[in-house]
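Chains as they are written, first to last, in full-length UniProt numbering: chain A, 1 to 343; chain B, 1 to 331.
In case anyone wonders, no lab produced these hints; they're calculated from the structure. Cβ coordinates follow ideal geometry from the N, Cα and C atoms, glycine included. Certain hints may be false.
Stated by the list, open to error - The list that follows gives simulated cross-link-like pairs (lysine-lysine, DSS-like), each with its CA atoms no further than 27 Å apart: (1) 146(B) to 130(B); (2) 234(A) to 130(B); (3) 134(B) to 146(B); (4) 234(A) to 62(B); (5) 130(B) to 337(A).
Stated by the list, open to error - Over the 10 Å line for every Cβ pair with chain A, so calculated as not near, a few chain B residues: (6) 15; (7) 72; (8) 187; (9) 280; (10) 300.
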Amino acid sequence: MIYYSLRRLFLLVITLWLLTIFIFLLNYLFPGDPLTNMTGIRAGDEFAYNIARQAYAFDQSIFTQYWHFLEHLLSGNWGQSLVTQRPVFDDILPLLGATLELSILAMLISLVFGVSLGLYAALNLHRPADTIIMGISLSAYSVPVFWLAQLLILLFAVKLGWTPISSQINPLFDIDVVTGSILTDIVLSDVPYRAAAFADALNHLWLPVIVLAVMPLTMLIRITRDAMLDVLQKNYIRAARARGLSEARIMLRHGLPNAMQPVVRQLGLQFSILMSNIIIAEMIFNWPGIGSWLVKSIYERDYPVLQGGLLTLAALILLVNVLVELFHAWHYPQVRKELYAER
Amino acid sequence: MNILDIRNLSIEIETSNGPVRVIDKLSLQLAEGEIHTLIGESGSGKSLLAKAILGFINPRWKITADRLWWRQYDLLALSRAQRRQITGRDMAMIFQNPGTYLDPNSTVGEQLRESIPSHDLPGNILTRRKQIQKRAEELMHRVGIKDHDAILESYPFELSDGVAQKISIAMAIAHRPKLLIADEPTTAMEPNMRSQIYRLLAKLSAGDGMSILMITQDLTAVIPESKRISLVYCGQLMETGPTEDVMREPVQPYTGAMLSTSLFSSETKPKSRLPTLTGAIPTLQHMPIGCRLGPRCPNARRACIEQPPLRSYKKHEFACHYPLIEVDSHD
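Excised from the complex, chain B in its bound form (with noise of 0.2 Å):
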C-alpha cells in the first residue's frame, strides 16, 4: 500500500523573468517500507520536492497537484498547523553536510535528548529524564556507535562527518516516523563511511518498516535495497520503475546517459570517450518548453517540444516520444 502518493506535483516560483515551474508534473509512490532512490542532477528540483513532502515550501510559491497525498491525508488541504504536526510525528529527513545541521553551541546529548518525544513516558520528570538518557544511548547504539557517553558530551564540531550524519540520522529516528527523506546524506564523504550509512538506512528501513525516500545525484550511489529509482532531471519526471528493470533495460535517453556515464559500466571501451551529455542543465530563466531534455538529448526531434506523456514500458513508466527501446505505442 502506498503511504506516499504524489500525482502531477507542480511548483511555481516568481522570478524577476516571471513564473517558472521548477517542479513540472512530477509523479512519486512510495509504498510502506520501501526505499525509493530519487536521481538527479543538481539543480533538478529533488530537493524541493522534499521540501514539498515536508511541507517547508515558502508560502508564496504555487504548489498544485492532482493528489499529494500521505496516508489518509490530503496534504495540500490541511492546514499548516495540522501539516507540521503529521511531519513532526510521521516524518523525518536528514541532510548533506550534516555537521551543519546540528547546532554549534549545545553538545550532541542535549539536541538528541530533545528529539526524542517525552510526553508518552510514563513517570514524573526526574524519571523521565533517565528514560530519555536510556532511550538516546539505545538510539546511538541503533546508529552504530558504540561509545556513546563520549559522543554525547561532545559538540558537533567536535565529529567527523560519518559520526555527525550517524547522530542526525539517530534524531532523525527517534520519534519512530514512517517516512525518513534522505536528502545526499553521504555527499563529500569517505568510500568507508558512505557504505556504513548506507547499510544503516537499509538496516532500519528493514527493521522498522519505515520507508526512505533516497535522494542522490548518481545511479552509482543506487543501493541494492532500493526496490525502485525514479530519474528526474529539471522537475519532470523521465522514468521511474523497479530498479533492477530500469538498469538492465533503460528507455529513456537520460537513464540510458546516465547509466553509460559511469565509469564501470560494461558498455563503454576501455580509453574510449566516456558517452556523455552536451551542455549543463539549464538554469530557471531559460528553461526550455515540452521536453526539458530536449536541447541536451541525442534522440530530440521536432515533437520533444511538447512534453511526452507518461508512457508505461514491462514495469516501468517513462517519459519521451523517441525511447531507445522501440515500445509499442498505446495512442
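Bound-form chain A, shown alone (with noise of 0.2 Å):
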C-alpha cells in the first residue's frame, strides 16, 4: 500500500510539473508581451517592469526563465490580474472556496440519492419502479446543464418565485468573505442576523446545486444499478442464502459493500465532469467562483488570471482522481492484491 501511494503520488507531482510547463508556455503563445502575460505588469510602468524583468530572469535563456517562474509559482507569487491590478493568488481562494461548496454539496447530494436510488432500481428488477428510474434518470442524463440551469431558474425563480435567480446571498447580507464558502462565512461571521443570513444562502444555494448534481446523480444511478445486479449473480451471494443468513445482512455486508466498488472508482471521473459543468453553472448562476471568473478572464484577456484559474482547477480535479484512487486501493484488499501483482 506505501509502495503504490508513494507511486500514485509521484505521478501527481510529476502530472502537475508537466501542468506548470504548459502554464509557462501559455505565456509565449498568448499575443503580447510574455513578461506582461505572466505577471500582469505592463511595459508602460517601465520601472515595476524592469524589476519584473530582472525578477523572472527575461534577459537570460527560456529555462532559466521557466526556472524563476516555477519559483515564483511556488512561492505563491502568481502575478497580477491585468483588469484589476490585484494579485491573482489572494483572489484565489475566496473563489476556490465559493466552487468547492457548490462542487461538495453537488457531489454528496448526487452521491446519496445516486446510490440509493440505483439500489432501489436493482433490487425492484423490471418492475415499474426500476422503469421509471431507469427513464426518468436516462432523460435527466441527456439535458444539458445550461438548458437545464436555465429551465429551473424558469421554473422556480421567475414562475413559482421560490428562489432568487442569481449569486451567492442577498448583498444586503454584509458578509465578510474568508473562505469564500457562503455557509462557512455566516457561520464564521458574528453578525446578529445569522439565521437569517444562514437562510438567505441556502435559498440561493439549493437551485444551481441541484443542476450541478444531476449528471453525476444520473450517471452514479446507472453505475450503481448496475453493479448491484452484478454482485447478486455473485456466487457468494447465493452461498450466504444458502447458508441462512438473513436478507438484510446480505445485502448490508456483503451485497452493498461490493456494489460500491465500482461506483467509487467512478467517482473521480464524475468529479472531472461536475468540474466541466461548474463553470457553466457558476456564468448562469452568477456565482462568483473559479469557473466565472475564469471565463470572464477569457473575455477580457485577462492571461495571468487565465493561467491561474487554468492551474487550480487542473490541479483540484488530478488531486481529487488520485485521492479516489487511493480510496480505492486502501478500502479494497482485493484491488491491492492486482496492484502488488503487477509490481
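Since each chain comes alone in its own frame, lean on the hints to assemble the complex.
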C-alpha cells in the first residue's frame, strides 16, 4: 500500500509539473508580451516592468526563465490581474471556496441519492419503479446543463418565485468573505442576523446545487444499479443465502460493499465532469467561483488570471482523482492485491 | 430412517422451444448419517436437484413430485419462508470453485463468525462475541486448519482452493446441519487436497451423524465411506444401490460404460481403446424421448423410446429395458 501510494503521489507530482510547463508556455503562445502575460505588469510601467524583468530572468535563456517562473509559482506569487491589478493568488482562495462549496454539496447529493436510487432500481429489477427511475435518469442525463439551469430558473425563480435568480446571497446581508464558501463565512461571522443570512444563502444555494448534481446523479444511478445487479449474481451471495443469513444482512454486509467498489472508482471521473459543468453553472447563476472568474478572464484577455484559474482547476481535478484512487486501493484489499501483482 | 425422501421428482423449465423436463421422475432416498454419491455428467441435472432440495429453484419453473419430504415436512407444501427456515437450520451446501463463494471484500473470520448462529448463545453482546470467536477457532480446527489466527484474518483471494474449500465446510457446518450437499467439492483440485477434503467430509459425517449428498462427475471420485450411489443421466435415474453392489455388478449399460471408462478398470486390456459411449450428452433443445440414454446406448432397441420403469436386481434398482445382466422380469 505504501509503495502504491508513493507511486501515485509521484505520478501526481509529475503531472503537476507538466502542467506548469504548459502554463509557462502559454505565456509565449498568447498574443502580446510574454512577461506582461505572466506577471500582469504592463510595459508602460517602466520601473515595475524592469524589476519584474530581473526577477523573472527574462534576459536569460528560456530554461532559466522557466526556473524562475516555477519559483514564483511555488512561493504564491502568481502575478497580478491585468484588469484589477490585484494579486491573482490572493483572489483565488475565496473563489476556490465558493466553487468547492457548490461542487462538494452537488457531489454529496448525487452520491446519496444516486446510490440509493440505483440500489432501489436494482432490487426492483424490471418492476415499474426500476423502469421509472431508469427512464427519468436517462432523460435527465440527456439534458445539457446550461439548458437545464435556465429551465429551472424559469420555473422556480421566475414563475414560482421560490428562489432568487442568481448570486450567493442577498448583498444586503453584509458578510465578510473569508473562505469564499458562503455557509462557512456566515457561521464564522459574528453578525447578529446569522440565522436569517444562513437561510437566505441556502435559498440561493439549492438551485445551482441541484442543477450540478443532476449529471453525476444520473450516472451514479446507472453505475450503482449495474454494479448491484452484477453482485447479486455472484456466487458468494447465493452461498450466503444457502447459509441461511437474513436478506438484510446479505445486502448490507455482502451486497452493498461489493457493489460500491465500481461506484467509488467512478467518483473521480464524475468529479471531473462536474468541474466542467460547474464553469457553465457559475456563469448562469453568477456564482463568484473559479469557473465564472475563468470565463470572465477569457473575455477580458486577462492572461495571468486565466493561467491561475486553469492551474487551480486542473490541480484540483488531479488531486481529487488521486485521492479517489488511493481510497479505492486502501478500502478494497482485492484491488491492492492486483496492484502488488503488477509490481 | 430416511431423512430425505424424493419420489418421482420432475422439474420443467421454459425454453424458447417450449417446456423441457430437465429432471425426469428422479427418485432418491437418503438415510440419516449416510453418505450418498450422485454421479452424472455435466448437464445431467445434479446441481439442479441440489437446488431443488434447498429450495433455490427459479419460481417460474414447474416442479412436481410424488414426494419431496424432509423428515416429517412435505417441502413442496411449505411456504417460501418456512422452506427458507428449514434450509437455514438443517441443510448446508458446499460448491466447486470455493473461492468464488466467499465475499472477496471481507475477511474469512468475518464471514465465518456471521455463519455461527448467535441467538441461542447465553450472555450479552460482549460475552457472545468471545464465544463466537472461540467457536470459529474450534470450527477451523475441526476442518483441519491449525494456524487459525492467520487464516481468520486473511481475505479469500489470499487462500488456495483447498483451504477455501475447508473454510466453506467450516461455514457450512457452523450451524450443525443435518444434511450437507457437496456439489463437486474437489473439482480442479490437486489429488492430495482432494483426498484431504474427502477424508474430512467422511469424518464429519461419522462424527456428527450428518448426512452428505456428494455430487460428482465420475466413479473414481466415489469414496469408500459412501454407502450408496446413484447414477443420473439427463435428469433420469439410471441406477441406484449400495456402492459395492453397483460397482461389482453394474446392470444398466450407462453404469457399465462409466465403470469401463475408468483408466484403472481391470477389464480394459493395455493398449486397447477405452470403451466409451459415443457422442455427447444431448442439449436441452434435443432431449430424446423415452430413455434419454437411447441414442448413445450400445444396447438400445425399439422399446427404448418408452421410458423404462425402475426395476430391482438384488439390492439395486435400475431403469433399463435391455440390462447388461439377465434379470428376471417381474411384469
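Hinted pair residue 234(A) and residue 62(B), Cα distance within 27 Å: holds (24 Å)
Least C-beta distance from residue 15(B) to chain A larger than 10 Å: holds (20 Å)
Beyond 10 Å from each Cβ of chain A, as asserted for residue 72(B): holds (20 Å)
Minimum Cβ-Cβ distance from residue 187(B) to chain A exceeds 10 Å: holds (14 Å)
Restraint status (C-alpha distance of residue 234(A) to residue 130(B) at most 27 Å): Since the Cα atoms of residue 234(A) and residue 130(B) sit roughly 31 Å apart, the hinted pair is violated (cutoff 27 Å).
Restraint status (C-alpha distance of residue 134(B) to residue 146(B) at most 27 Å): Measuring from Cα to Cα gives roughly 14 Å; hence the hint holds.
Interface exclusion of residue 280(B) relative to chain A, criterion Cβ beyond 10 Å: Consistent with the label, residue 280(B) stays out of reach of chain A, its closest Cβ about 26 Å off (over 10 Å).
27 Å limit on alpha-carbon distance, applied to hinted pair residue 146(B) and residue 130(B): holds (19 Å)
Non-interface claim for residue 300(B), where every Cβ of chain A lies beyond 10 Å: holds (38 Å)
Given pair status - residue 337(A), residue 130(B), alpha carbons within 27 Å: The given pair, whose Cα atoms are some 31 Å apart, is violated under the 27 Å limit.
Figure legend: structure checked against the earlier numbered hints; hints not met, in rising order: 2, 5.
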